[in-house]
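*Asks:* The residues making up each chain are set out below.
2 protein chains.
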Amino acid sequence: MDGMWADLLPVGRDGATGGYRRHAWTPADLACREWFAAEAARRGLDLVVDRNGNQWAWWGDPDADGPGVVAGSHLDSVPDGGAYDGPLGVVSAFAALDRLRDRGLVPGRPLAVASFTDEEGARFGIACAGSRLLTGALDADRARNLTDSDGTTLADAMRSAGHDPTHLGRDDETLRRVGTLVELHVEQGRALVDVGAPVGVASTIWPHGRWLLDLAGEANHAGTTRLEDRDDPMLRLAAAVLAAREAAIEHGAVATIGRVAVAPNGTNAIPSRVRAWLDARGAVEADVRAVVAEVAAAAAVDAVEESWTAEVAFDATLRDRLTGLLGGVPVLATAAGHDAGILAAAGVEAAMLFVRNPTGVSHSPAEHAEVDDCHAGVDALATVLAHLTAARP
Amino acid sequence: MDGMWADLLPVGRDGATGGYRRHAWTPADLACREWFAAEAARRGLDLVVDRNGNQWAWWGDPDADGPGVVAGSHLDSVPDGGAYDGPLGVVSAFAALDRLRDRGLVPGRPLAVASFTDEEGARFGIACAGSRLLTGALDADRARNLTDSDGTTLADAMRSAGHDPTHLGRDDETLRRVGTLVELHVEQGRALVDVGAPVGVASTIWPHGRWLLDLAGEANHAGTTRLEDRDDPMLRLAAAVLAAREAAIEHGAVATIGRVAVAPNGTNAIPSRVRAWLDARGAVEADVRAVVAEVAAAAAVDAVEESWTAEVAFDATLRDRLTGLLGGVPVLATAAGHDAGILAAAGVEAAMLFVRNPTGVSHSPAEHAEVDDCHAGVDALATVLAHLTAARP
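So the sequence lines, in the order shown, correspond to chains A and B. The numbers in my numbering rise by one with no breaks, and the one at position 226 of the first sequence is 226. The numbers in my numbering rise by one with no breaks, and the one at position 278 of the second sequence is 1278.
Bear in mind the hints are in silico, worked out from the structure with no lab data behind them. Positions of the beta carbon are idealized from the N, C-alpha and C atoms, including for glycine. Take the hints with a grain of salt, since some may be wrong.
[Claimed, not checked] Where chain B lies over chain A, by a calculated footprint (3+ residues, C-beta under 8 angstroms):
| # | segment |
| --- | --- |
| 1 | 63-74 |
| 2 | 91-104 |
| 3 | 178-185 |
| 4 | 244-250 |
| 5 | 260-272 |
| 6 | 375-384 |
Starting from the given sequences, assemble the full structure and let the hints guide the process.
*Replies:* Right, dumping it as structure tokens:
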């Protein structure tokens, strides 16, 4: 595990912040994809890149002997992300497969390591784009026309990276191969720290979504334009930011405006346009919807829904089986979206394991997990995979 | 005039917005500088580029027969700026010089057209950088170390553009040549529209400045981080934006936050840092200072002064002379900074002419002046220059 980690660590790392910028289909992302292909090749696994760009490394033939068991996560990052969010799950999956082989285990079902493409949506705005395309939750035409901040479409970005975007969309052939998916992920909160456990199992993913607030104003000179003549969209951004916090408190949810684009963004120019993205999540959908409505009202704009994920309850039978298998580890809900949640929502039997995060910090260069906890995660995942591949369903 | 205007119009224009991005020492700016050099050469004027990068096109020898009379403005723009802010003054100066020649006038004093470099400060943050360096109001070492949003220093940007930054700083040799400076500029408000006059003369420039609010927070996951665990600097930005408007109303000033930089600027990440720039101006310095203090208090941060220009009162004798010469045109104060204000503050005899702006809109692609008003501006400038060059002071 340590060697894999060391190989991956410098890829896409910003020298100044120490954070990662592994955005979908950029050179850093392609380097991660090459790393994945090399790890598959080194183990003699069959590498399959599906139509939507997700990578699968199969031990055994899922078409002949499937469906199989899949362990995996993603390799891309948010801007200035941490090293663990995503990669820990992929590295741990390879490491767990190695343990099974070291023990001489011959799986009764095909086993794969997977890396889902563009989980963070950092470049094109839609989180879990690879798994959403796979299940059909994201429309292929919409996906192809998504643009990054430079105006490059996802289709062009894929093409430049050597991936043909013509055949994006729901992929039943690939889905049929996946009997069970287990995603290991660094925890992004402090639930495991609070109970003193290195590993936990997921119960549900909170309903969550992203909305665009596109605030139009009138560009003008910051010095010579009288206050009463101004149409300054920055004031409406300010109202939206404060409303997001107030509404989140009121409804027991969380809401964040963490991404803003100001045009023309000049010190002495009143903005012509401010775009802001609202991220809102909560245990109950109605609360999330209420937060979004209150923020939109405060900003006097329609909130344009860019993505929405209803509550995901992971398969309760599988969850209880894994909890027992791991000696009664804690079960926890999460407010973070994951590819395992997208597949679960599409009817795939799925589960998640979380590895303790000592500070709870994530989506930051300061994100961390202790080495011992990472090894405990691999142990747990190997135990789960041995169990799931031993018995055909 | 129309030919010069047509040549300059496409330089640095954004195809999508129709606005200009002629930022200091970029290719678009260099194209403007080449345009200036070609216009000087076409007229047989002596082109001088001073140590700070300002361009001067002399008719006559200011060292032997000076000091001379200078008409000029700037060619750079804010992001998505209009076509008139700056270029109208330079084009009008060449056109006025042409009229004097067409009339067979032989000036009694040397006459120059000037283009000051980096007036808007769009790239390196300091407005009127070229004229401030010339007068010593901007320290040379500080200027060399200013950085743009890519981290490029002003020194490196100059060097890349073929200008040696070693000898930046107060330039008495150049200043000695300037007996009187007249800057013609499109009005950036509606004072002339309100009184129905195509041309006016400046009285004062309001005290004004720029301040950086550097708001540090803690990057974290937008979904999984509890509200009470957050240190989200976007909330302090919102407080600053609203406080700026409230304080400006209270103190009869104007205050704008039009430029914001968010890191990491991800939809699902609480920002680690938000930097915002406050532009504040008012008729009375104490009011401006009070606005800045209230904004800083609201944002719980020190406001770092990036530039400050005290009130400039243009030479009253010259102002009255020009007003009379032009048949009693209106006299108006402005809240916009100008190179003529920087030179006036350094003791140079200076005046400004404003050309009517039908909407008052500036720092926007929608900025406009009617052709007839532009010609009236050239007429006025030619009258002023004929007067000023006829009699040695």
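*Asks:* For this structure, which hints from the list above don't hold up?
*Replies:* Failing hints, ascending: 1, 2, 3, 6.
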